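Asks: Sequence:
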Amino acid sequence: MGQNMKAMNDYRYITADEAVKMVKSGDHVFVQGSSSIPEALVAALARRGGELRDVILYNAFAMGRRISPLCDPSLKDSFLIDSFFVSNAVRGWVNQGYATTTPRFFGQVPQLFRDGTIKLDVAFINCSMPDENGYVSCGVSSDLTPSAVEMSKIIIAQINPLMPFTYGDSVIHTSRLDAMVMVNDPLAETRDVAPTADELSIGRAIAELIPDGAVLQVGIGGIPNAVLHSLGNHRHLGVHSEALTEGMIDLIESGVIDNSCKQVEPGRSVGSLVLGTRRLYDFIDHNRDIVMRDIAWVNDPFVIAQNHNMAAINSCLEIDLSGQVCADSIGTRIYSGVGGQQDFVYGSSRSVGGQSFIALQSTTSRGISKIKPVLTPGAGVVTTRFQTNWVVTEYGAVNLRGKNMIDRARLLISIAAPEFREELDRAAFDMLGYAYRRWH
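Residues in the sequence shown are numbered consecutively from 1, following the numbering used here.
Certain hints may be false.
[What the hints assert, rightly or not] In silico DSS-like links for lysine-lysine, alpha-carbon gap of 30 angstroms or less:
1) Lys-370 / Lys-153
2) Lys-76 / Lys-21
3) Lys-153 / Lys-119
4) Lys-76 / Lys-119
5) Lys-76 / Lys-153
6) Lys-119 / Lys-21
7) Lys-370 / Lys-403
8) Lys-403 / Lys-372
9) Lys-76 / Lys-24
10) Lys-24 / Lys-153
11) Lys-119 / Lys-24
[As the list claims (entries may be wrong)] DEER-style ranges, computed between Cβ atoms:
12) Arg-235 / Lys-153: 45 to 55 angstroms
13) Lys-21 / Pro-377: 13 to 23 angstroms
14) Ser-414 / Lys-153: 53 to 63 angstroms
15) Met-431 / Pro-211: 31 to 41 angstroms
The set of hints was computed from the structure by calculation and includes no laboratory data.
Quantities reported herein were computed from a predicted structural model and do not represent experimental measurements.
Where a beta carbon is used, it is the ideal one built from N, C-alpha and C, also for glycine.
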């Protein structure tokens, strides 16, 4: 507490309303994401909406504690939200046509900033308290933040005692900051909900295919979490993952994850963003066994591939009988974004002993099959059929690697919900013709 009080007294802090006066009409503003949206700055900017026009705000993967105050019809000419990964805070706004999204692999967004394709005037970031040397940390969000800080003309930081201090590319010296706003703002949290029976079935099936010494990339959601719950008897696992999640803590504390077999950053868990509960945020605080890196490096397939036995575990919204995977939209309605799925699918395919898993429950909550003859019209292909490896539902795991179109359809039908298999079989015959029946 004494160090925090010293840090508070050694710097000049201004209010959020004063800080956002630095934003001008026509500016391009980066807004930090993960579980650390700088909500005080965003709210203050919304209060200035009547004074501003044509401000573009860029964000990426984020978990908001509330709908963004910028999602207000009265502000539609003041602000345009342009999201690289549509979050819960702005999803409705995008699908109402007031905001937009820029398709891009998450790991390639920093390049758009650095080569000037997208210019940045201002960055809103959310940081830890300064340490004794004047450094703050972006804590749970080192994805786009390093490149945004590097390329923005003005850096406005929330200084937040609830933000953990993490090491790596998340660390910034206070001399780089143009304004500092003191807040006491809880980070967004996602609870570690106990997996359902179907999720556990999927998790166990994947865990059985992962060898000791593998390096994990785990997505976000119930099924990836169920995989982590199923790895308790493994040994010497490592982590090189876009996201660090709650389920990893027990595996690290029990010694299952020790990062001893990694080729990249051996001995340390590597991530780019963090999403969980306060327990996770406290766990990573000043933890030198955790390193946060720029998403451009973490998600680089050629970096990923340097680790042996890379195991990439992701989920999706639907998959067709050729193995095309949709993970970002429901038809034409944007739901999320590409994230790092494709990067890790490709990177794991180049890893010695690497493999990737696309996991999904066989049906939606409304009882509709997620395995379809063809994707829903308008659905975006995130992982192409040329890259799909393991596909896993509660009915089993099938490997599409090296399989022709006939075998792919047959294998995917075998893990669909039983009540849809006959219908899918007829559709496969209609699409693939005589060869499907002859060689089935």
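Asks: Taking the hints in turn, state whether each one holds.
Replies: Evaluation of the provided hints:
Our distance criterion of 30 angstroms between C-alpha atoms is broken by Lys-370 and Lys-153, whose separation comes to about 45 angstroms. For the hint pairing Lys-76 with Lys-21, the CA-to-CA distance comes to about 19 angstroms; that is within 30 angstroms, so the pair holds. A C-alpha spacing of about 10 angstroms is found between Lys-153 and Lys-119, which places the hinted pair at or below 30 angstroms, so the restraint holds. Restraint check for Lys-76 and Lys-119: satisfied, since their Cα atoms lie roughly 21 angstroms apart, inside the 30 angstroms limit.
Distance restraint check for Lys-76 and Lys-153: the Cα-Cα separation of roughly 25 angstroms lies within the 30 angstroms cut-off, and the hinted pair is therefore satisfied. Among the hinted pairs, Lys-119 with Lys-21 is consistent with the structure: their alpha-carbon atoms are about 19 angstroms apart, no more than 30 angstroms. For the suggested pair Lys-370 and Lys-403, the alpha carbons sit about 20 angstroms apart, so the restraint of at most 30 angstroms is met. With a C-alpha separation of about 18 angstroms, the suggested pair Lys-403 and Lys-372 falls inside the 30 angstroms cut-off, and the hint holds.
For the hint pairing Lys-76 with Lys-24, the CA-to-CA distance comes to about 16 angstroms; that is within 30 angstroms, so the pair holds. At roughly 12 angstroms between alpha-carbon atoms, Lys-24 and Lys-153 fall within 30 angstroms of each other, so this suggested pair holds. Taken as a hint, the Lys-119 and Lys-24 pair is honoured in the structure, with Cα atoms around 14 angstroms apart against an allowance of 30 angstroms. In this structure the supplied range 45 to 55 angstroms holds for Arg-235 paired with Lys-153, their Cβ-Cβ distance being about 49 angstroms.
Remark: the range hint 13 to 23 angstroms for Lys-21 to Pro-377 is contradicted by a beta-carbon distance near 46 angstroms. Take Ser-414 and Lys-153: their Cβ atoms lie about 56 angstroms apart, and the range 53 to 63 angstroms holds. Checked against the given bound of 31 to 41 angstroms, the beta carbons of Met-431 and Pro-211, roughly 36 angstroms apart, stay inside it.
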